[in-house]
Amino acid sequence: MTQKTMRDAINDALHLEMARNPNIIVLGEDVSGGAGGTSGQREASGGIFGVTKGLLPKFGEHRVIDTPISESAIIGAAAGAALAGLRPVAELMFADFVGVSLDQLFNQMAKFRYMFGGRTTCPAVVRLAMGAGMNMGAQHSQTIYPLLTSVPGLKVVIPSNAYDAKGLMLTALRGDDPVMFFEHKALYPRKGEVPDGDYTIPFGEAALVREGEHVTVVAIARMVVFAEKAIDAVHKDGITCDLIDPRTTSPLDLDTILESVENTGRLVIVDESPPRCSVAADIAAQVASQGFRFLKAPIGLVTAPHTPVPFARELERAYVPSPQRIEAAIRKVMQE
Amino acid sequence: MSTETVASSLSSDQLLAAYRKMRTIREFEERLHVEIQTGEIPGFTHLYSGQEAIAVGVCAHLGVTDYIVSTHRGHGHCIAKGCDVPAMMHEIYGRAAGLCKGKGGSMHIADFSKGMLGANAIVGGGPPIAVGAAIACRNRGDGTVAVAFAGDGSCNQGTVFEAMNLAVVLKVPTIFIYENNGYSEHTGVDYAVGSKDIAGRAAAFGMPVEKVDGTDFHAVYAAMGRALAHARAGHGPFAIEAVATRFYGHFEGDPQLYRAKDEVKRQRESMDCLSIFRRTAAAHGLSDAALDAIDAEVLDLIERSVTEARQAPPPAESELTTDVYVAY
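So the protein sequences, as listed, match chains S and H.
Position 101 (the first sequence) corresponds to 101 in this note's numbering; numbering is contiguous.
Position 152 (the second sequence) corresponds to 1152 in this note's numbering; numbering is contiguous.
Treat each hint with caution, since some may be false.
Label-pair restraints from in silico Cβ distances [unchecked claim]:
#1 S:176 to H:1262: 50 to 60 Å
#2 H:1195 to S:34: 33 to 43 Å
#3 S:176 to H:1012: 42 to 52 Å
#4 H:1206 to S:134: 31 to 41 Å
#5 S:48 to H:1266: 51 to 61 Å
#6 S:38 to H:1235: 23 to 33 Å
#7 S:324 to H:1140: 52 to 62 Å
#8 S:197 to H:1141: 23 to 33 Å
#9 H:1141 to S:305: 49 to 59 Å
What the hints contain is simulated information worked out from the structure, not anything from laboratory work.
Every residue, glycine too, gets a C-beta built ideally from N, C-alpha and C.
Please put together the full structure from these sequences, using the hints given.
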């Protein structure tokens, strides 16, 4: 066990699996960086967030491919390479850029297997850095995973910590379906215990982060960290919570959530995305549909508002669900 | 545009095989045009009649380990690349025995055992996929290539520009085939292509380009030979603009109000790649009898394909939820 950041944990997984499987390639803007520059220094970047560092020197230019700023071509090339026998890992840089490549994701990659009668696979992994909190403005800060969670044919992975990130990435790299791998930017520098060796975490199995009696809290990505703070705060008053981190939103481990709600009777869902057609709304609908009889109180939803992500520090702070808002939501479902 | 007929490097057997492919595509499409009137074929169908020399001239060079990506007007590419004709017909009828189990239909036929990576109903959707396949070809180092068939309409899509640039940057063996049939849906190329020069656009991305008469099998075949030599030698992508026409509308049922009344009639007389091929057949040592025999065999094949597909069962309802994921 070593203490590693989430950034290094994902980097670890890429190194490990690329060494094991020669069919894996990495492509995207500045995954290495430096090509065509005047310094002559290759790997001038190693990925804008440093997640792909060290791959180019080790695996060479045929497997670590710097691309122009052409998101449709990056995703389309990943889709085509996957059809032709490779296992591409495409970096989209900021998750917001999904907008310029969406056709290749939701009309191409997601549908190949179904449209072609199950006679092919498209084992591509798309990495998307997401999340507010760094004052990057409306076009570099969204958590756009609800959009892709709604697309049949795609799997959606959203780790909340370094350990899960490595295990989930290794699962993604060994699966045969297209995977959208969302990495919250604020979590990249957070450290956790990460084994050096090989381990995988299956998709569709939520993590029970905390165990309690009174309230079920479901939180995704950075919201898991905030929910822990809120749960610590209410614990002082004798309120204890289950904290469930779904880890993947497609497939979604609804069973674990329903089992917990059966025990607690109260549910709070924390999602950094805007509220409409969100993962929070989806989980709430499914629990209401399948577990209404367990509920002692209306489901609490803690989400961003129905707005783009603002720039100013004060506004962005107000946009992102805070530990205080989560705490208030937990206390509110306890009062019902 | 080059209109001269080049001396063929193909043997008589190869020429007959090419003719058989072109005739198969033609009869497949002409028969679909008739059968669609019966209402038995669901959905949207876009016919390739008139463009056969392009698909066949290109694919005559390719092996099963070379890749193609196709378009919404993809039947010709499928047949040229070797897809099973009765199984294609089943697919178009939405039958369980279709190449894609009836889940794809006319616009989504694929056959991975033949290197056919799929027809594509998104105009301009295919070229980026071909570049990805070409990365796989390059990394394997086995001299295979990926061909992107694209129409004149797609050449106004950003995805196509991105794909061409990426192919040049990565120097991967992608061959872009721009089939200029004169119309982007219901709008003329002279209107929709601002520069009026599709080949010129490809050249501007930094790859060699040829513009050929897409009604002349021999011209397409020769140009593709040069493209392939370039790509297989590791020199990167190549583009061909092949000019032809389509004998039917954008889709079946298109009233074609954008075309002059006698345009198709004139084009059938002057731009029919099969007639053009037959005119020079004797000079290539092919007898009328041999070609006529192929015509008869092709008609039988199409008749059998339609008869079988009409009677075949649809997919079971349980197929609705399969094949979304390998495992979920």
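Q: Could you check the structure against the hints above and give me the numbers of any it violates, in ascending order?
A: none
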